[in-house]
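**Q** The lines below spell out each chain.
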Amino acid sequence: MNVTLYLPPLALAISLVYAASRYELPQKILAKAFSLFVQIVVFMAIVLAILHYLSFAL
Amino acid sequence: MPGTSLSASKPAVPLKNPWLAGVLAFLMPGAGHLYQGRIFKAVLYFVCILSTFGFGVSIGEGRPVYLYYYNRVDDGRQQEDFLDFPADLIVQQDATPNGQRRFSQRLMNYGYLAQVMVGLPALPGLIQNARYNPGQNRDIAAALDRGMTADFEGYLVGYTSEQSSVRYPARGSVSLKFAGREIETIVGQFNGSITLGDGREEPVVLELGDDAQLGPRIFADPAQTVYANVSNPQTLRLDNAQLQGSTPRPLANWYGVPVEDATLQKLNQKLGKHWELAMVFTWIAGLLNILAIWDAIEGPAYGRGDEPPEEEEPKPSTTPIPGTT
Numbered sequence: 001m002n003v004t005l006y007l008p009p010l011a012l013a014i015s016l017v018y019a020a021s022r023y024e025l026p027q028k029i030l031a032k033a034f035s036l037f038v039q040i041v042v043f044m045a046i047v048l049a050i051l052h053y054l055s056f057a058l
Numbered sequence: 059m060p061g062t063s064l065s066a067s068k069p070a071v072p073l074k075n076p077w078l079a080g081v082l083a084f085l086m087p088g089a090g091h092l093y094q095g096r097i098f099k100a101v102l103y104f105v106c107i108l109s110t111f112g113f114g115v116s117i118g119e120g121r122p123v124y125l126y127y128y129n130r131v132d133d134g135r136q137q138e139d140f141l142d143f144p145a146d147l148i149v150q151q152d153a154t155p156n157g158q159r160r161f162s163q164r165l166m167n168y169g170y171l172a173q174v175m176v177g178l179p180a181l182p183g184l185i186q187n188a189r190y191n192p193g194q195n196r197d198i199a200a201a202l203d204r205g206m207t208a209d210f211e212g213y214l215v216g217y218t219s220e221q222s223s224v225r226y227p228a229r230g231s232v233s234l235k236f237a238g239r240e241i242e243t244i245v246g247q248f249n250g251s252i253t254l255g256d257g258r259e260e261p262v263v264l265e266l267g268d269d270a271q272l273g274p275r276i277f278a279d280p281a282q283t284v285y286a287n288v289s290n291p292q293t294l295r296l297d298n299a300q301l302q303g304s305t306p307r308p309l310a311n312w313y314g315v316p317v318e319d320a321t322l323q324k325l326n327q328k329l330g331k332h333w334e335l336a337m338v339f340t341w342i343a344g345l346l347n348i349l350a351i352w353d354a355i356e357g358p359a360y361g362r363g364d365e366p367p368e369e370e371e372p373k374p375s376t377t378p379i380p381g382t383t
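Quick mapping for you: the protein sequence lines, in order, are chains G and V. In terms of our numbering, the first sequence is numbered consecutively and its last residue is 58. In terms of our numbering, the second sequence is numbered consecutively and its last residue is 383.
Chain G on its own, in the form it takes in the complex (with noise of 0.2 Å):
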């Protein structure tokens, strides 16, 4: 299996383990959760594709 999808389950656990420790109600810790996941995977995907640029000519 690729290893690009292990990223995903572990972005969003991360992000809902962060936000909770952050804010009490459900509701605030499940919209500050997606609002850093999304975050992670843009950035990542960002990284990704230059890397994947980078190595072009290898």
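The set of hints was computed from the structure by calculation and includes no laboratory data. Every residue, glycine too, gets a C-beta built ideally from N, C-alpha and C. Wrong hints could be hidden among the right ones.
Claimed, not checked - Interface residues of chain V toward chain G, partial, derived using beta-carbon atoms under 7 Å:
{"id": "1", "residue": "Val71"}
{"id": "2", "residue": "Phe98"}
{"id": "3", "residue": "Lys99"}
{"id": "4", "residue": "Leu102"}
{"id": "5", "residue": "Cys106"}
{"id": "6", "residue": "Thr110"}
{"id": "7", "residue": "Glu356"}
{"id": "8", "residue": "Pro358"}
{"id": "9", "residue": "Ala359"}
{"id": "10", "residue": "Arg362"}
{"id": "11", "residue": "Gly363"}
Chain G is already provided as a structure; the job is to place chain V on it using the hints.
**A** Just chain V now, with coordinates in the frame of chain G:
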């Protein structure tokens, strides 16, 4: 007020005894919050942290959690000499007759400092380090004092009278006992079936003896190696034969046990990047539980989440007051 987390206008987050909650949160993610009645967080921490840890353990074949590992010291032998040999038998052979270790140095796995923060799922690493004593493990006589019967899975390897080699899958049960300290021999019996070249399964009963080899009782591998020469190969129309395979080790005898260099070599060879990922996932789970423990002791870092935004203080006026200079 002790044991509560106060915000300006909302009910406090119930922390009860925060230090007890912290200890419970350390031992099991979510347990501290369950004690405090914070059910949503208890379930969230439990599921997220333990699933991350469990996934790491599973892709590492159950062995990425250990406190120490043994690094092989260069003894002049080539890696190729032992890579195809079971790791637990290498350790048995490398030990001196009085059980001392040769050719290896013990090193700490610093990643365990993160793994242990998950609590009970990682704490066996501390206990297993004390139990893993190759000298005592090597005492097969003690291990087989009452005999051993276990499921066996492996191969029957042998030679026919025409010197052609055969290798038949074998499955069944193996019984072993120590024949006596004077002759230092393990003997036993295999009762099961072998799958012949044409696909037929043939039930067999094989007598085992003549210096059978058995892996240590406690070792970082769920499979305990058994190599045993067959005393009656003629029943299979073979000149000589050896049973090569393994019996299952109980979970308590392999989970969290310090890892030998040969085992690490084989795991890296077999799992590749999944071995590193396994350790990374367990580290992340441990580090996440630090956040959960902190939350159990101190409450949420930013408050409940429904506090009104703080009103800005009015800025001091810069307009001169009439009548003043």
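**Q** A separate judgement is required for each hint: does it hold in the structure or not?
**A** Here is how each hint holds up against the structure:
The beta carbon of valine 71 of chain V comes within 5 Å of a beta carbon in chain G, closer than 7 Å, and the hint placing it at the interface holds. Interface hint at phenylalanine 98 of chain V: satisfied, since its Cβ lies 5 Å from the closest Cβ of chain G, which is below the 7 Å cut-off. For lysine 99 of chain V, the suggested interface contact is upheld, since its CB lies about 5 Å from the closest CB of chain G, less than 7 Å. A least Cβ separation of about 5 Å between leucine 102 of chain V and chain G falls short of the 7 Å threshold, and the interface hint therefore holds.
Interface hint at cysteine 106 of chain V: satisfied, since its Cβ lies 4 Å from the closest Cβ of chain G, which is below the 7 Å cut-off. Satisfaction of the interface hint for threonine 110 of chain V is found here, the shortest Cβ-Cβ separation to chain G being roughly 5 Å, below the 7 Å cut-off. Proximity of glutamate 356 of chain V to chain G is violated relative to the hint, the smallest CB-CB distance being about 10 Å (cut-off 7 Å). The criterion of a C-beta within 7 Å of any C-beta in chain G is met by proline 358 of chain V, whose closest approach is roughly 5 Å, and the hint holds.
For the restraint placing alanine 359 of chain V at the interface with chain G, the shortest Cβ-Cβ distance is roughly 5 Å, inside the 7 Å limit, so the hint holds. Here the hint on arginine 362 of chain V is kept, as its CB sits about 4 Å from the closest CB of chain G, short of 7 Å. The restraint placing glycine 363 of chain V at the interface with chain G holds, with a minimum CB-CB distance near 3 Å, inside the 7 Å limit.
Of the numbered hints stated above, the single one contradicted by the structure is hint 7.
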